[in-house]
Structures are given as structure tokens and as C-alpha cells.
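J.: Protein chains in written order, with this note's numbering: chain X, 331 to 501; chain H, 192 to 617; chain F, 49 to 152; chain G, 35 to 403.
Do not take every clue at face value.
Restraint ranges, calculated between C-beta atoms of paired labels, are given here [as the list claims (entries may be wrong)]:
#1 X/Val441 - H/Thr555: 31 to 41 Å
#2 G/Lys62 - F/Leu147: 32 to 42 Å
#3 X/His411 - F/Glu103: 50 to 60 Å
#4 F/Glu103 - H/Gln524: 54 to 64 Å
#5 H/Ala497 - G/Pro50: 45 to 55 Å
#6 G/Lys62 - X/Leu428: 46 to 56 Å
#7 H/Gly394 - G/Lys62: 51 to 61 Å
Just some of the chain X residues that point at chain H, by a computed CB distance under 7 Å [said to hold, decoys possible]:
#8 Phe334
#9 Asp384
#10 Phe385
#11 Met388
#12 Val391
#13 Ile392
#14 Gly396
#15 Val400
Since the hints were derived computationally from the structure, they do not count as laboratory data.
Backbone N, C-alpha and C fix where the C-beta goes; we use that ideal spot for every residue, glycine too.
Each chain is listed here by its residues.
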Amino acid sequence: MEGFGVVLSFWVLAAVTLVSAGGVMVSRNLFHAVLFLITTFVGIAGFFVLLSADFIAMAQVIIYVGAIAVLVLFAILLTPHAGRDNGETRMLLPALLLSTCLGAVFIFVIVDADWRTISESPSVGVRELGSALLGTWALPFEIASVLLTAALVGAIMLVRSPEEEAEDALV
Amino acid sequence: MTLLVFLASKNWYDIRDLSNISRVILEGLDRFLPSGIVYVVAVLLGFVASFLIFVLPSQLIVGVYGERKIIGRMQSRLGPNRVGPKGLLQPIADAIKLMQKEALTPKFADKAVMWVAPIIFVAPCVLLFAVIPFGPNMIIADIPVALLYFLAVSSIPVLAAFMAGWSANNKYSLYGAMRIVAMTISYEVPLVMALMGVVLFTGTLSLQEMVLWQKSNDIWVVFLQPLAFAIYFICVSAELNRTPTDIAEAESEIVAGYLTEYSGMKWGLFYGMDIGYAIAASAFAATVFLGGWSFFGLDKYIPPWAIFIAKTHLFYFLFIWTRGTLPRLRLDQLMTFAWKFMLPVALINLVVVATERMLWQELTDGKLTQGYLYLFAIVNIAMAVAIVYAWARMLGYSPKDETPMRPRLFNDARGYVPVVSEKGGR
Amino acid sequence: MTLNIEQFLIVGALLFCLGLAVALSKRNAIGVLMGVEIMLNAVNLTLITFSRFGESARPITGPTFVVFVITVAAAEAAVALALAVSVYRNRDTVDVDRLNFLKS
Amino acid sequence: MSDQVKSEPFILNIGPQHPSTHGVFRVKVKVDGERILDAEMVMGYLHRSIEKLAEERTYTQNIPFTDRTDYLASMSNNLGYVLAVEKLAGIDVPERGQAIRVIMAELQRLASHCMAVGAFANDTGAWQTPVMWTFREREKILDIFEMTSGARLTCNYMRIGGVAFDLRPEFEPMVRKILADFPPFIEQLEDMLSGNEIFRARSIGVGVLSPEMATNSSLSGPVLRSAGIAWDIRKADPYSGYEKYDFQIAVGYNGDCYDRFIVRLEEMRQSCKIIRQALDGLPGGPHSTQVPLALRPPAGEAYARVEGPRGELGYYVVSDEGPTPYRFHIRPPSFINLSALREITIGSTVADAIVILGSIDIVVGEIDR
Numbered sequence: 331m332e333g334f335g336v337v338l339s340f341w342v343l344a345a346v347t348l349v350s351a352g353g354v355m356v357s358r359n360l361f362h363a364v365l366f367l368i369t370t371f372v373g374i375a376g377f378f379v380l381l382s383a384d385f386i387a388m389a390q391v392i393i394y395v396g397a398i399a400v401l402v403l404f405a406i407l408l409t410p411h412a413g414r415d416n417g418e419t420r421m422l423l424p425a426l427l428l429s430t431c432l433g434a435v436f437i438f439v440i441v442d443a444d445w446r447t448i449s450e451s452p453s454v455g456v457r458e459l460g461s462a463l464l465g466t467w468a469l470p471f472e473i474a475s476v477l478l479t480a481a482l483v484g485a486i487m488l489v490r491s492p493e494e495e496a497e498d499a500l501v
Numbered sequence: 192m193t194l195l196v197f198l199a200s201k202n203w204y205d206i207r208d209l210s211n212i213s214r215v216i217l218e219g220l221d222r223f224l225p226s227g228i229v230y231v232v233a234v235l236l237g238f239v240a241s242f243l244i245f246v247l248p249s250q251l252i253v254g255v256y257g258e259r260k261i262i263g264r265m266q267s268r269l270g271p272n273r274v275g276p277k278g279l280l281q282p283i284a285d286a287i288k289l290m291q292k293e294a295l296t297p298k299f300a301d302k303a304v305m306w307v308a309p310i311i312f313v314a315p316c317v318l319l320f321a322v323i324p325f326g327p328n329m330i331i332a333d334i335p336v337a338l339l340y341f342l343a344v345s346s347i348p349v350l351a352a353f354m355a356g357w358s359a360n361n362k363y364s365l366y367g368a369m370r371i372v373a374m375t376i377s378y379e380v381p382l383v384m385a386l387m388g389v390v391l392f393t394g395t396l397s398l399q400e401m402v403l404w405q406k407s408n409d410i411w412v413v414f415l416q417p418l419a420f421a422i423y424f425i426c427v428s429a430e431l432n433r434t435p436t437d438i439a440e441a442e443s444e445i446v447a448g449y450l451t452e453y454s455g456m457k458w459g460l461f462y463g464m465d466i467g468y469a470i471a472a473s474a475f476a477a478t479v480f481l482g483g484w485s486f487f488g489l490d491k492y493i494p495p496w497a498i499f500i501a502k503t504h505l506f507y508f509l510f511i512w513t514r515g516t517l518p519r520l521r522l523d524q525l526m527t528f529a530w531k532f533m534l535p536v537a538l539i540n541l542v543v544v545a546t547e548r549m550l551w552q553e554l555t556d557g558k559l560t561q562g563y564l565y566l567f568a569i570v571n572i573a574m575a576v577a578i579v580y581a582w583a584r585m586l587g588y589s590p591k592d593e594t595p596m597r598p599r600l601f602n603d604a605r606g607y608v609p610v611v612s613e614k615g616g617r
Numbered sequence: 049m050t051l052n053i054e055q056f057l058i059v060g061a062l063l064f065c066l067g068l069a070v071a072l073s074k075r076n077a078i079g080v081l082m083g084v085e086i087m088l089n090a091v092n093l094t095l096i097t098f099s100r101f102g103e104s105a106r107p108i109t110g111p112t113f114v115v116f117v118i119t120v121a122a123a124e125a126a127v128a129l130a131l132a133v134s135v136y137r138n139r140d141t142v143d144v145d146r147l148n149f150l151k152s
Numbered sequence: 035m036s037d038q039v040k041s042e043p044f045i046l047n048i049g050p051q052h053p054s055t056h057g058v059f060r061v062k063v064k065v066d067g068e069r070i071l072d073a074e075m076v077m078g079y080l081h082r083s084i085e086k087l088a089e090e091r092t093y094t095q096n097i098p099f100t101d102r103t104d105y106l107a108s109m110s111n112n113l114g115y116v117l118a119v120e121k122l123a124g125i126d127v128p129e130r131g132q133a134i135r136v137i138m139a140e141l142q143r144l145a146s147h148c149m150a151v152g153a154f155a156n157d158t159g160a161w162q163t164p165v166m167w168t169f170r171e172r173e174k175i176l177d178i179f180e181m182t183s184g185a186r187l188t189c190n191y192m193r194i195g196g197v198a199f200d201l202r203p204e205f206e207p208m209v210r211k212i213l214a215d216f217p218p219f220i221e222q223l224e225d226m227l228s229g230n231e232i233f234r235a236r237s238i239g240v241g242v243l244s245p246e247m248a249t250n251s252s253l254s255g256p257v258l259r260s261a262g263i264a265w266d267i268r269k270a271d272p273y274s275g276y277e278k279y280d281f282q283i284a285v286g287y288n289g290d291c292y293d294r295f296i297v298r299l300e301e302m303r304q305s306c307k308i309i310r311q312a313l314d315g316l317p318g319g320p321h322s323t324q325v326p327l328a329l330r331p332p333a334g335e336a337y338a339r340v341e342g343p344r345g346e347l348g349y350y351v352v353s354d355e356g357p358t359p360y361r362f363h364i365r366p367p368s369f370i371n372l373s374a375l376r377e378i379t380i381g382s383t384v385a386d387a388i389v390i391l392g393s394i395d396i397v398v399g400e401i402d403r
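Chain X on its own, in the form it takes in the complex (with noise of 0.2 Å):
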């Protein structure tokens, strides 16, 4: 992963991505909080492209960016009295020491081990993740599609209001 060019958008990507992050982290107003979320996961979804991941980068954008993003929008529409101003918690210094402690953590451990890599990109296409998703994960993939029903059925029953219930109940 040479060139110039490569090296330069993976700062600018880094950038996008952790300015955005600390905005969710910062800014005052619940709404602006969803938008900096927003250009997290297209920041996010421009280093999987880096990566050489194009369905995940792709997959990403359709269901993080067009999906996850509209229902916490839609969550904060539905919730017109709670307050938007994107609060802290008593916990917040608690919070960042705990934080900032994994971090030194982890990027000691990163910078300390010597990672055996190999350079040129394993061939990860959209065909071989179909196979791998039918072939050996086959199980995995049907248990993600129960879970997935499972959870749309808990969140419509969750979110159903008492006349709706009593509206079934008649028919």
C-alpha cells in the first residue's frame, strides 16, 4: 500500500473520521451529534475502500449511512420532550480517564508487537464473501436472519401503543 496518493487519503480519511467522532463527542445539539455520526460511518466506509473491502464499504454506506442513521433520527423525532441538548452525565471525567487509559493500552501494544503482514491484498471480492456466507458460515448466516426477524418483531411490540394492541385483539 504505496503512492502517494494511498498514503494521502488515509490521513485525510483519519481526519474525517476522528474530527467527526469527537464532534459526536462535543457538540451541544442532539441533531448536529447524529450528523458528525453520519460522516463517521461514510469515514469509516472510505477506509474500507482503502482496505480494498469494496461490499463491506458498500454495505456499510446502505445500512449505517441510508438505515441505522434515519432511525436514530426518527428515535429522536418520537421523543419531542427529552431534552436535546446532547448532555453529559456526572460520569464524564470517569468516563474519558477510563477511556483514554484503554487507549494508551492499546496503542502501546500496537506499536510494541512486530505484526507478521503480508503486502499485496488478498483477493476479497463480493464473490468469494457469497461463497464463504453460503459455504462455510452457512449456519452463522441463518441464525443473523432468525436474529434479525426476532429483533424487528421485539421492536414493533415494544413500540405498539395499548389502542393498537386492543385493535388486534378484536379482529
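Add chains H, F and G to chain X, keeping to what the hints say.
T.: For chains H, F and G alone, coordinates are given in the frame of chain X:
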């Protein structure tokens, strides 16, 4: 998929393949510029060729001028004919007018988000044209996941519209924002299902290979899977909120939806890029469903990019046509239509297409010859009509108890008492 | 002028810590959920980095796991937000501090 | 979204500045999500106190006021006022005058229904195409008005005792031409709209008006007839020679927006029928009797009612033997038809409220007077 023999010679003046010109330019530049710079210049050349030469003029001529002229004709009036020869400079006049108009920002609006929304709305439109093939080797980025790239990039402007609606701090625009998001999410699911049906047959996600598949098998996917084409058209017109489904900026109900507070060039960007997305969607439909730049072998003589542009504008005419004639559906009707009709029909289509693909694999034991495709085409056309009718009947649509189109007629006034029907009707 | 594995892993680690900080410190339940989403994304990034750089017989397992993480994250986000909305309906607040029903 | 969702209802202003309130007319709507909980009409933006002004002008000077109350049906308003004064002063109108009045009133109904049908289709979202078609046909009628009375919209054509000018020779061929191409135009509209699935989905079962509610809120015109009540002043209380003509009343089935639309289309066909009969049997003779300019009708009161395009258009004139009327009152059908709007819109969505308002076909000039 080997690149088929193509008559266009390699010298630069052969207009049938415009990539010769860009290749000559880049080779010239390569001699005295570092390779990094030439790489960037190649991409810029691609952008100039695809966006500035094809999209912008077709946005202005076909999108603004052509649409208003054709809809004018539909409404028995002339359409723009004042500015420039036969009104051709009307789009430029509109653009200048919009630029010198003041772009207001309401008092309690979220200024930053309101300023960013048009930019995020415009950028993906340019990105969309990177994957669309204009000719055999006239494509900016032939990435293997082009179809998914198209779906991913076309889900970003929805968020930009929501930001525009939410930040304008106006009840009507809040309505528009919520409506566009709810509708786009529910119409994206059947769209993906329909496109999966197409991918099953072509076997690849890259658009260039799809066109080559259609060229080598001498069949267009629109004949092979008419139901997928119909679902694609309805879902895309829902996502671009063109007329039967333009509830996000429904003039008569919520003034201008999420665009209520926008004026000047900010509104102009939204309006221009609406047409840009419609052209991108019709370019995508032309590539995937109508055989892209191939025309059953004729593309050796007619320049392939001309065939492609003709097909794109043909599809765009469908949008103009529905916009000129159809009234608008209500939000809850759209939602029930998406979830109760489009999704099941798309799923059934996917199942039928999958079984056909397996049969095709078995019968030709791997050689995937062309003969069976025509059989599948006929079967699919019949299946499309059957599924749509059967599912509509299942959902309770029965044509017999319709309200008649003519009222009852009486010869004399009957006083203030409800009239029991005498002739016809209830 | 070359990129190696450490840079990607450091970005993943920093992102994970930022997500953790957001998840632990935010008062609004939706803010907490955003933190969790960032942490999950950081994990995805690290998985793909190892799949790209690491030596392994089957490099495809990285992206496969990322697909599973994405599905789980989507399911979790849906249920968490449904939870937040229904809690909001009963308590008229989504602030994590005041949601201490279990306390006597 | 039920109220359990705690998104408390907020007030939405379908305000004076709104593309589909057919004029300066405001509906304050209490909305929960898309569902309407309460609708309150706010009017008076176009109040010009015509009824007070009319008390200082002579009977003939008041005729131009009647054009400006309902600017889409000036001929019918003229006819109503002039009938009231003739009833008060006991003047009888020659045969030819009455026949010309009937032709003009029915042509005005065609023009006004064109406007109503086009605007209703526009409210359901058909992007201006039906409106442009109906306006093209309406222009032909307005040209005829301009030729005979001098003005397209506020014609001021009828006088006490008859009509202002006699018909010109070109009048007959122009009206014949209109009668020839109106029925096919109505077929075209039916194919495009009545048969259109989306249009039917948007208007069938929307804003249903029960016959009892229609009679209790004393509605009149197409809105009443679409609710299933066959009541038409031209048949129930014929005036100006209507009993001579053979035509039918269109009555709807279940009183929703779709029925109002098809009732108006049918009424346009019946009007063509009446015009053809009146034109064929146009008697000769004077077009009006001579009436002194400073007419002083005997003391007393008179109420004359006319079947305007929007419903029962009544004029109540009280005279105290002076040259100017003591009291001059108009019964505006749009204003009274609005009284049912509140019950119909509660429970429907915002998009439907606009469609219902469009189907009732109001003219703000007539509401605010």
C-alpha cells in the same frame, strides 16, 4: 467476459469511441507530467466528459426546457419560447435569475445545517455518474460493486433533504422531511429486491459487464424481467418524489415540503439536482434494463454513447409523462402500497427468477446458452401480469363493486329527503 | 510513503475509545446508542485491517464477521431505539440518570 | 400516531397564503401527526361590506356590486338580484329577455364548473394539466360574455326588466360551436380523471357527507345533490322560464369528494342541453321593458333565489319607497356550504382536508362579501 471485437479504430478522430481522444490527451500529458498528476487529470477528464458534456446539458435542455415544453404541450399550451431561439436559453435565464435572488435564512433556523444541506444534496449526484458506462471503454470507474455503489450513493440525498426540512424550523418543511424519509426507506426495499433479480441473471454487480452480458446474449433485461422493470420505475419515482409520489414537496398540501424556506440558488441547487438524480436514475435504468450502449449489434455503426443517451432520455420521458398526467397519492396509501404490494410482488419475482436461473444452469449444464433466455422472457412476461393481478385480488381489490362514473339522474326535485335510487347505482 | 498495519489499528483504537467515552458520558439514551454504534464500527475497521494485512489461510473470515457485526448492530439499534421510545412514553424522559426504576 | 405516542398536537395554519385555499381563506387545524383533531375556519380577509354600500346606491347602481361578490358567476348573481327587484316592483320581463337570461346563466354555470372541476383535480395533485384543459374551454365562454356584455368576468349584463343589450348576430354560431365541442371535452375529462385509479383512490370515501348532515347544515347545490338529495331551485321553484326546458338533476351516491366531482361534470352536460333548447326556441321581440332609472319600488320586501353554480343564491331586498334599497342582503351558498367542512375534516389527514376544501368549491369573494 472477454471484451468483444469492436470496429472503432484506435486513432483519435474516430468519434464512435470518445475514449480515444482522452487516451491521446493522457499519453501526451504522460510524457512531461509525474504519474500522480496524470492520474488526477484522467479522473478530471472523465468528470468533464460525463458530467459537463452529458449530464449538465441534458439536465438543462431535457430536464428544465424539455420537461416544461412537453408538459406544456400536454396542457395544450406552448411552454417556454421567449428567451433565446425557440426558448432554448430558458434554463440559463432561470439559473441567472436564481443566482441573483436573495437566499433567505429564517430567524430561528439551524443556519449551519441549512447551509450544508444543499451541498450534501448536490455532491452524490456527481458521484453517481462515475460507474455508468457510456461506451465499450468509456467509463470512469468500472468497480465490481457498481450496482451497490449506486444504491449507497442514492441513499445520501434523502438525509440531505431531511436536514433541509428539519433545520428550516417550519411546520410544513418538518412534514416534508418526515414524509420523504418514511417514503424513501419503504421504497428502497422493493427496489433492492428487483435489482437482485437482475443480478441473478447477469451474474455480476458491475454495470459494464451487465451491458456486455446483454450485448452477448442479444436480449435486454427489460424483456427478460418486465416485473423488475415496473418495480424499478415505481420505486425510483417514489425515491426521486416525481409526481404520482411527490408528497415530499406536494405543492397543494404542504406548500413546498422541505423546500418551503429555501430561496435563491439554494433552492436552485435542490431543483437542479432533482432533475440530475432523475437523469442518473434513467441512465442507470438504460444501462441495466435497456441494454446500455448496445443495440443488438448496431453499436458498431452508430456511436454507442449516442445510443446510450437516446435510451436515457427515452426513460426520462416516462418521468415527464407521469408528471404531466397523474394526480398524487396520499402518504398512508403510499406506505400500504409499498409494504403490502410492492415488497411481496418483488419477493415473488425474486423467487421465480431464482428458479429460472437454476433451471438455466441445469438445462444447459453450465454453458448458459442463449436459447433458453427467450423462453424465460415469455414466461416472465406472463408471470408478471399474473402475479400483479393475483396479488391485487388477494389484497381485496375487486373491480365489480366500483362506484360508477356517472351520477343518477332525476326529472324533478324530490324535496329535502334522501332519494332512494331509481336508475342504477345504490 | 507506505501504509502499514499499525496506522490503521491506531485509528481503530482511537475510534473505539472515543465511542466508549461517548457511550459512558452521554445523558440521553440515544447519545449512548450513538457511542455504541461508533464502538461497533471501530471493531469492524480492525477486523477488515487484519483481513487485509494479516497472514491467514482464509482471509475471507474478516469480512464475513463484519457482515455479521453489521446485522447485529442494525438489530441492536432497532431494539434499543424502540426501548428508548417506549421508556419515553411512560416516563416522559430519556435521560439515563433519571431512569432508575429499580431503586426503591 | 395515537395520542399515546405523546407527540402533543400542534396548530398548523393552512393560512391565507396557501396555494390551494382558492383565495384568502384560513383554516386553523389542530393536528396530531398527520391526523386532524380540530379545524377552525377564519374568514373576513376579503370583506368589502358590499351590503352596507348598496344601501346608498339606487337599484340600478347596485347591479355591478352583484358581479363582484362571486366573481366566478357574475351572470347568476345579476339574475338573482334583478329577479328580486322585479318581484318587489312587480315588473314583468319579455319572453326574449327571459330566454337570454337563461342562456347566460347556464353558460356561466359551465364556466364556473370548469373552474371548480379543474381546481379540484389540481388539489388532488394532477399537476395543472386538468386546470389548463378546463381553462382553455372556459376562455371560449368568456369570449362570448365579452362580445355580448363587454366584460369577461364582471359582466354587469342584466338590467331590471330584461338585459342590457340585445344579442349580436355572431352570438348564435359561437354558442353552437361551444355546444358542439363541450360534450366530447367532458368525455375526455372523464377518461383522464374519473377513470383514473389514483384520482379515485384520492377522492372516493374522502369527506363523506351524510344526507342528514347535509340537510341540517342547509347545504345547497352540487354539494347537497352529491349527498343523495335531489333538490334544485330550477326544478323546485322555477324562475325566468326554466319550467319550459327539459333537463335532469344529477344526484350522487354517498356524498364524497368523488361524487361532487361527477355531479358537477353531469351538470355541465345538462347545462349544454338547456342552452341548446333555449337557443332553438329563442323568441323575437324586445329584450327588456323600459324601467325608469330612479326606480322607486313600493315599500315592502322581496326574496328571489336562483340555482347558482355553487348552490341556492338568494337576494333579499327591502324597500322603503326611497330610490335606494333599505336593506340589501345576499344568501351566499359558499359560506353556508362551509358549515359542514368542520365535521368532515375532523379525523381525516391534512392532504384530505385540502381535497375536501377543493371539492366544496368555495369563492372567498362570496363568503366575505
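J.: All the hints need checking, so say for each whether the structure fits it.
T.: Checked hints:
Distance hint check for X/Val441 and H/Thr555: the Cβ-Cβ separation is about 57 Å, which falls outside the suggested range of 31 to 41 Å. A beta carbon spacing of about 38 Å between G/Lys62 and F/Leu147 agrees with the range 32 to 42 Å that was offered as a hint. The hinted window of 50 to 60 Å between X/His411 and F/Glu103 holds, with their beta carbons roughly 54 Å apart. A hinted range of 54 to 64 Å for the beta carbons of F/Glu103 and H/Gln524 is consistent with their spacing of about 57 Å.
For H/Ala497 and G/Pro50, the hinted distance range of 45 to 55 Å is satisfied, since their beta carbons lie about 52 Å from each other. Between G/Lys62 and X/Leu428 the CB atoms are about 53 Å apart, so this pair conforms to the stated range of 46 to 56 Å. Separated by about 59 Å at the C-beta atoms, H/Gly394 and G/Lys62 satisfy the suggested range of 51 to 61 Å. With its C-beta approaching chain H no nearer than about 5 Å, X/Phe334 sits inside the 7 Å limit, and its interface hint holds.
Contact between X/Asp384 and chain H, as hinted, is supported at the beta carbon level, the nearest pair being about 5 Å apart and thus within 7 Å. Look at X/Phe385: its Cβ gets to within about 5 Å of chain H, closer than 7 Å, so that hint holds up. For the restraint placing X/Met388 at the interface with chain H, the shortest Cβ-Cβ distance is roughly 4 Å, inside the 7 Å limit, so the hint holds. Checking X/Val391 against chain H: minimum C-beta separation of about 4 Å stays under 7 Å; hint holds.
The interface hint given for X/Ile392 holds, since its Cβ lies 5 Å from the closest Cβ of chain H, which is under the 7 Å cut-off. At about 4 Å, the closest approach between the beta carbon of X/Gly396 and any beta carbon in chain H falls short of 7 Å, and the interface hint on this residue holds. The beta carbon of X/Val400 comes within 6 Å of a beta carbon in chain H, closer than 7 Å, and the hint placing it at the interface holds.
When the structure is compared with the earlier hints, a violation turns up for hint 1 alone.
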